Amino acid sequence: MLVTRTAYQSTTDKALSWLFVMPVIIILLLAAFIPLGWGLYLSFFRYKLNMPSATAFIGLRNYLNIFTDELTILSLRNNVIFAGLSVSIELLVGVVVAMMLSGDTRLSRGLVSILMVPMIVAPVAAGTLWRMMLDRTYGVINYLLSFVGVPPILWLGDPKIALYTVAFVDAWLYIPFVAVLILSSIKAMPTSFLDAARVDGASPWKVFWRIILPIVSPVIIIVAMLRFIDAFKVFDTIFVMTQGGPGNATEMLPTYIYRQGIKFLNIGYSSATAIVFVIAMSVVAYAFQKLRDRQLVRLG
Amino acid sequence: MKIRKIFTIALILLLVVTGFALAQKKFAGKSIRVLYFSATYADAAKEYAKEFEAATGAKVEVVDFPYLTLYEKMGLALSSGDSSYDAVTPACQWDGEFEPFMEDLTPYIQKDKFDSADIIPNLWEQSGKWNNRIMGIPFSNTPQTLAYRTDLIKKMPTTWDEFLVLCEKLNNPAKGFYALAIPGAKEQLSGLWMMVQWSLGGRWADEDWNLAIDSTETRKSLEIAKKWMKYADPAAPAWALGESDAAFLNGNAAIAFSWPTLSIAPNGDNPAKSKVVGKWAIAPIPFEKNGVTVLSSWDIGIPKAAKNKDVAWEWIKLYTSKEKQLSNFLKYSILPSRISVWQLPQVKSNKLYPHWQASQQGAVIWWRIPAGTMAETYVRDAVSNYITNQWGLSKAVSFMEDGMKKLLEEYPPAPGVKNTGR
Amino acid sequence: MSTRGAFGSRRGRDLQLSNFLSLPVRILVVVALLAAILFPLYWLASNSLKEEQEYYHSPPIMFPTKVTGQNFVDIVVNRGLFPGLKNSLLIAAFTTLLTVLFGSLASYSLVNGMLPRRIKRAFAWWFLIQKMYPAIVIAVPVFYIIRSLRLMDRVAALVLMNASFNLPLVILLMVGFFQEAPFEVEEQSMLDGANLLQRFFYITSPMVKSGLIATGMLTFVASWNEFLYAVILTIVRAKPLTVLIAGFITDKALVWGPMAAMGCVVIVPVLVIMWLMQRDFISGVSAGALKG
Chain A
1 MLVTRTAYQS
11 TTDKALSWLF
21 VMPVIIILLL
31 AAFIPLGWGL
41 YLSFFRYKLN
51 MPSATAFIGL
61 RNYLNIFTDE
71 LTILSLRNNV
81 IFAGLSVSIE
91 LLVGVVVAMM
101 LSGDTRLSRG
111 LVSILMVPMI
121 VAPVAAGTLW
131 RMMLDRTYGV
141 INYLLSFVGV
151 PPILWLGDPK
161 IALYTVAFVD
171 AWLYIPFVAV
181 LILSSIKAMP
191 TSFLDAARVD
201 GASPWKVFWR
211 IILPIVSPVI
221 IIVAMLRFID
231 AFKVFDTIFV
241 MTQGGPGNAT
251 EMLPTYIYRQ
261 GIKFLNIGYS
271 SATAIVFVIA
281 MSVVAYAFQK
291 LRDRQLVRLG
Chain B
1 MKIRKIFTIA
11 LILLLVVTGF
21 ALAQKKFAGK
31 SIRVLYFSAT
41 YADAAKEYAK
51 EFEAATGAKV
61 EVVDFPYLTL
71 YEKMGLALSS
81 GDSSYDAVTP
91 ACQWDGEFEP
101 FMEDLTPYIQ
111 KDKFDSADII
121 PNLWEQSGKW
131 NNRIMGIPFS
141 NTPQTLAYRT
151 DLIKKMPTTW
161 DEFLVLCEKL
171 NNPAKGFYAL
181 AIPGAKEQLS
191 GLWMMVQWSL
201 GGRWADEDWN
211 LAIDSTETRK
221 SLEIAKKWMK
231 YADPAAPAWA
241 LGESDAAFLN
251 GNAAIAFSWP
261 TLSIAPNGDN
271 PAKSKVVGKW
281 AIAPIPFEKN
291 GVTVLSSWDI
301 GIPKAAKNKD
311 VAWEWIKLYT
321 SKEKQLSNFL
331 KYSILPSRIS
341 VWQLPQVKSN
351 KLYPHWQASQ
361 QGAVIWWRIP
371 AGTMAETYVR
381 DAVSNYITNQ
391 WGLSKAVSFM
401 EDGMKKLLEE
411 YPPAPGVKNT
421 GR
Chain C
1 MSTRGAFGSR
11 RGRDLQLSNF
21 LSLPVRILVV
31 VALLAAILFP
41 LYWLASNSLK
51 EEQEYYHSPP
61 IMFPTKVTGQ
71 NFVDIVVNRG
81 LFPGLKNSLL
91 IAAFTTLLTV
101 LFGSLASYSL
111 VNGMLPRRIK
121 RAFAWWFLIQ
131 KMYPAIVIAV
141 PVFYIIRSLR
151 LMDRVAALVL
161 MNASFNLPLV
171 ILLMVGFFQE
181 APFEVEEQSM
191 LDGANLLQRF
201 FYITSPMVKS
211 GLIATGMLTF
221 VASWNEFLYA
231 VILTIVRAKP
241 LTVLIAGFIT
251 DKALVWGPMA
261 AMGCVVIVPV
271 LVIMWLMQRD
281 FISGVSAGAL
291 KG
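Chains A, B and C, in that order, are what the protein sequence lines are.
Using the working numbering, the first residue of the first sequence is number 1, and each one after it goes up by one.
Using the working numbering, the first residue of the second sequence is number 1, and each one after it goes up by one.
Using the working numbering, the first residue of the third sequence is number 1, and each one after it goes up by one.
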């Protein structure tokens with residue numbers, strides 16, 4: 001990723017090079033690495049901040065608990081479904097929207113600027129807004145649906161659909177992000193392939209399916225990776241809309257960790273989950289990267 | 001001669017200035033920060049803050065958080081020795097956990113001869129006293145009761161079975177009218193289930209912490225709670241307290257569950273906010289076996305790390321004084337903790353008086369030990385999952401039992417501590 | 001300057017790709033898109049202007065019969081809107097400043113500086129770890145660190161945390177931009193005796209201006225919208241808007257009107273900024289995926 005330049009030898013430059021990266025190192029040390037390191041140390045203890053008398057070294061017990069705790073597994077399951085669902089929607093709609101707005105018309109550009117909006121809405125605000133709109137009795141969504149004969153739906157209170165509801169809200173927030181990235185990739189595509197295909201008389205659908213999609217696929221894979229990893233960090237919207245309920249139907253890993261870590265000040269346990277997270281997500285990222293590299297090779 | 005004159009004038013001036021300084025308010029220039037639950041309690045505090053400042057010169061900054069986040073805010077501040085707050089109001093169920101970080105108020109009480117005998121004795125046992133220390137003065141005594149429509153119900157039933165029969169009779173979904181207004185969201189629902197279990201004679205553990213959660217009472221109470229949902233608005237499972245109170249005040253329900261003093265009582269007879277003016281009253285929950293219900297009690301105390309403890313103590317005395325408790329009651333529907341206030345005629349004739357009966361019947365809290373809050377989340381999850389049909393009955397019960405067992409092992413109560421709750 | 005639009009396409013070369021779907025489908029998609037985005041905004045705005053009887057009403061009222069500013073007055077008087085707004089602004093502005101400045105300095109050094117190759121490699125991945133876990137998991141250690149730095153309930157604490165959240169992306173993007181910038185101009189200035197610092201400020205930065213703007217905007221939006229640490233690290237003084245809006249979830253009555261008004265205040269400022277600078281915003285966001 002980094003191309004190194006053969007640089008002009010100079011001691012001032014060398015010193016400055018280090019100086020330039022210092023602020024970043026300091027900030028990340030304070031806000032990320034020290035907490036993580038400290039957390040790693042604490043993860044081998046049973047340590048609740050508000051019950052210091054119960055502190056004990058328990059080795060890998062916290063990690064064991066993570067994998068055997070019923071609610072952790074449930075949160076993981078919910079989170080995976082949530083991630084899979086919202087990322088799929090985002091990709092599908094994102095690709096379609098990107099294709100549609102790839103033109104250079106005024107309409108396209110205007111639509112793109114409207115498209116940007118959900119991207120800048122605070123998830124807390126979006127969650128609050130959707131909670132109001134999805135209310136069974138006073139919400140406007142059910143009201144509008146009633147005009148087409150759909151009976152009122154308990155979007156956030158029915159355990160069978162609450163998970164899908166929050167996934168949908170998440171998709172609403174991030175489709176623009178996905179669409180913009182794919183759109184830029186489409187625009188950056190060398191047009192020679194397209195011209196050739198047009199000359200051959202290929203249908204627009206074929207052009208899309210056979211040419212554009214494969215060329216854009218590396219970017220799609222990376223975007224999918226980013227969104228997938230981010231989906232395991234979802235907190236704001238769940239917190240505001242369902243608090244993990246009904247029951248534990250929308251409990252996600254971050255909300256569950258919030259419960260353990262902040263509510264119960266169970267630092268040992270929440271730090272262990274931090275470590276597991278970093279490892280797991282690094283594996284996921286690695287897998288996606290490999291997939292993308294393979295795709296790049298295939299494209300030649 | 002002249003020098004003498006100057007001297008005298010200077011002396012007089014000095015005396016005047018000193019007198020002035022001494023006559024300054026006791027705590028001028030100081031300021032304290034107090035932490036409250038965001039509801040009527042914080043509102044009352046904000047009102048009295050100005051009066052307090054006028055009387056003592058100390059500024060009072062009232063910080064409040066919703067119940068959802070209050071526990072962790074308080075817990076984090078206290079356990080980390082943060083000196084941000086000079087007075088905090090733990091809920092009685094958090095007493096055991098926060099006690100190590102709070103000042104013992106006994107010396108203050110003795111010094112100022114605070115009339116602690118005026119506070120309901122049962123309340124002291126459930127809230128404020130822990131580990132032979134006084135960590136807070138209870139200032140509100142709210143047993144869980146219910147509000148009901150006096151035009152539709154003449155006599156409230158005394159058993160839960162009768163209660164369900166009454167619901168069946170009153171329920172009229174076709175007209176958009178439901179027998180019950182229930183906050184079905186996790187946090188509130190568990191509290192509602194608890195009172196049924198207790199009034200049936202059930203408990204979580206006995207005095208010596210032997211688990212008693214796996215019982216017929218537990219099962220029966222879960223089933224009863226599930227049946228309630230049949231008589232409530234289909235949206236109820238997602239309702240927070242605000243929504244269910246609104247349903248009652250809008251005239252769409254015959255009986256409203258959960259802490260009527262928070263919103264129904266203050267707004268019930270206000271034509272701008274209620275459509276059931278003059279048509280509602282408070283009743284204790286069905287007596288069943290022992291009428292025991294859930295207690296919500298808040299006490300106010302001083303963190304060990306507080307900076308202005310004396311000022312904080314003055315504030316506590318003010319907030320828990322007779323006058324303020326009466327004003328809390330009349331203006332904010334905060335139920336008093338003082339026996340003498342309950343005896344006052346204005347209180348006796350007030351609509352909220354049935355709370356006295358409810359508390360006399362018995363209002364208790366669940367485990368006050370540090371493991372208590374975690375135990376309650378097991379209850380919350382189990383009850384909510386059962387009511388929404390995600391878990392079966394045996395799963396719900398075994399989940400609670402396994403969870404509580406693990407908690408008692410990992411965070412055992414200090415030796416000698418008995419289970420004074422349920 | 002060539003006539004490059006936001007996505008670097010050349011004007012006038014309409015690719016006409018959208019007709020891969022038939023016209024009715026396309027119309028449907030566009031309409032659905034507009035509805036899905038604009039309607040909630042309309043709803044938010046209209047709720048914020050409704051009177052109490054109308055905002056919590058069944059069936060919901062689509063067009064308010066009376067418009068009132070009462071909700072906005074309420075959040076100013078009762079909910080501390082102005083302090084919250086001030087805090088949000090301070091946090092977002094300072095975070096953006098620090099993050100873009102330090103981030104671009106670091107990126108520049110990584111690309112053109114004289115660090116050993118190994119270090120550069122390590123850096124490339126080192127700060128990405130930041131993105132691999134939910135922020136919540138380090139919350140308690142962070143709480144302690146902030147407390148010992150005496151930064152509790154201060155804007156500086158949130159600036160620090162938000163900077164750490166956004167640095168990875170800023171560095172990632174700026175590295176790409178710096179790599180794109182032609183090196184010849186720099187080489188020229190090096191021969192003229194300019195050192196790293198001078199080259200950074202006078203030569204290269206102007207070349208990556210759009211990158212700086214894009215990352216600046218991304219950071220501003222992200223730190224304006226941040227919620228979790230705002231809740232954990234503030235008590236009274238440093239509370240930003242996101243904490244205020246979440247505070248509506250109390251046990252009191254439902255006040256959708258003020259809630260919506262608060263929502264408007266949370267959304268509108270970033271909306272305005274974004275619309276004014278969307279071109280650079282889009283190019284910055286796009287550059288990220290293409291490089292990554």
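No lab work stands behind these hints: they were computed from the structure.
Please note that the accuracy of each hint is not assured.
So the derived list for chain A, only partly shown, Cβ under 7 angstroms to chain C, looks like this [said to hold, decoys possible]:
{"#": "1", "residue": "Phe20"}
{"#": "2", "residue": "Leu29"}
{"#": "3", "residue": "Pro35"}
{"#": "4", "residue": "Ile114"}
{"#": "5", "residue": "Ile120"}
{"#": "6", "residue": "Val121"}
{"#": "7", "residue": "Phe208"}
{"#": "8", "residue": "Ile211"}
{"#": "9", "residue": "Lys233"}
{"#": "10", "residue": "Gly261"}
{"#": "11", "residue": "Val278"}
{"#": "12", "residue": "Tyr286"}
{"#": "13", "residue": "Phe288"}
{"#": "14", "residue": "Gln295"}
Values in this document were obtained by computation on a predicted structure and should not be read as measured data.
Here a beta-carbon is modelled for each residue, glycine too, at the ideal position from N, C-alpha and C.
Against chain C, run the beta carbon of Val121/A and see if the smallest gap drops under 7 angstroms. Constraint on Val121/A satisfied, holds at 5 angstroms.
Minimum Cβ distance from Tyr286/A to chain C below 7 angstroms? This hint is violated: Tyr286/A lies away from chain C, its Cβ roughly 11 angstroms from the closest one there, beyond 7 angstroms.
If you take the shortest Cβ to Cβ gap from Lys233/A to chain C, is it below 7 angstroms? 4 angstroms, holds
Next item in the hint list is Ile114/A. Is there a CB on chain C closer than 7 angstroms to its CB? 6 angstroms, holds
Does Pro35/A pass the interface hint, meaning its C-beta sits closer than 7 angstroms to a C-beta of chain C? 4 angstroms, holds
Interface hint check: Phe20/A, Cβ to nearest Cβ on chain C, cutoff 7 angstroms. Holds or violated? 4 angstroms, holds
So, Val278/A near chain C? Judge it on the closest CB pair being under 7 angstroms. 5 angstroms, holds
When the least beta-carbon distance from Ile211/A to chain C is tested against 7 angstroms, hint result: 10 angstroms, violated
Do the numbers back the hint for Gln295/A, that is, is its least Cβ distance to chain C under 7 angstroms? It is violated, given that the least Cβ distance between Gln295/A and chain C is near 14 angstroms, above 7 angstroms.
Closer than 7 angstroms between Cβ atoms is the bar; does Ile120/A clear it against chain C? Give me holds or violated. 5 angstroms, holds
Hint check: is the beta carbon of Phe288/A less than 7 angstroms from a beta carbon of chain C? Constraint on Phe288/A not satisfied, violated at 10 angstroms.
How about Gly261/A: closest beta carbon in chain C under 7 angstroms, or not? 6 angstroms, holds
Comparing the model with each numbered hint stated earlier shows that hints 2, 8, 12, 13, 14 do not hold.
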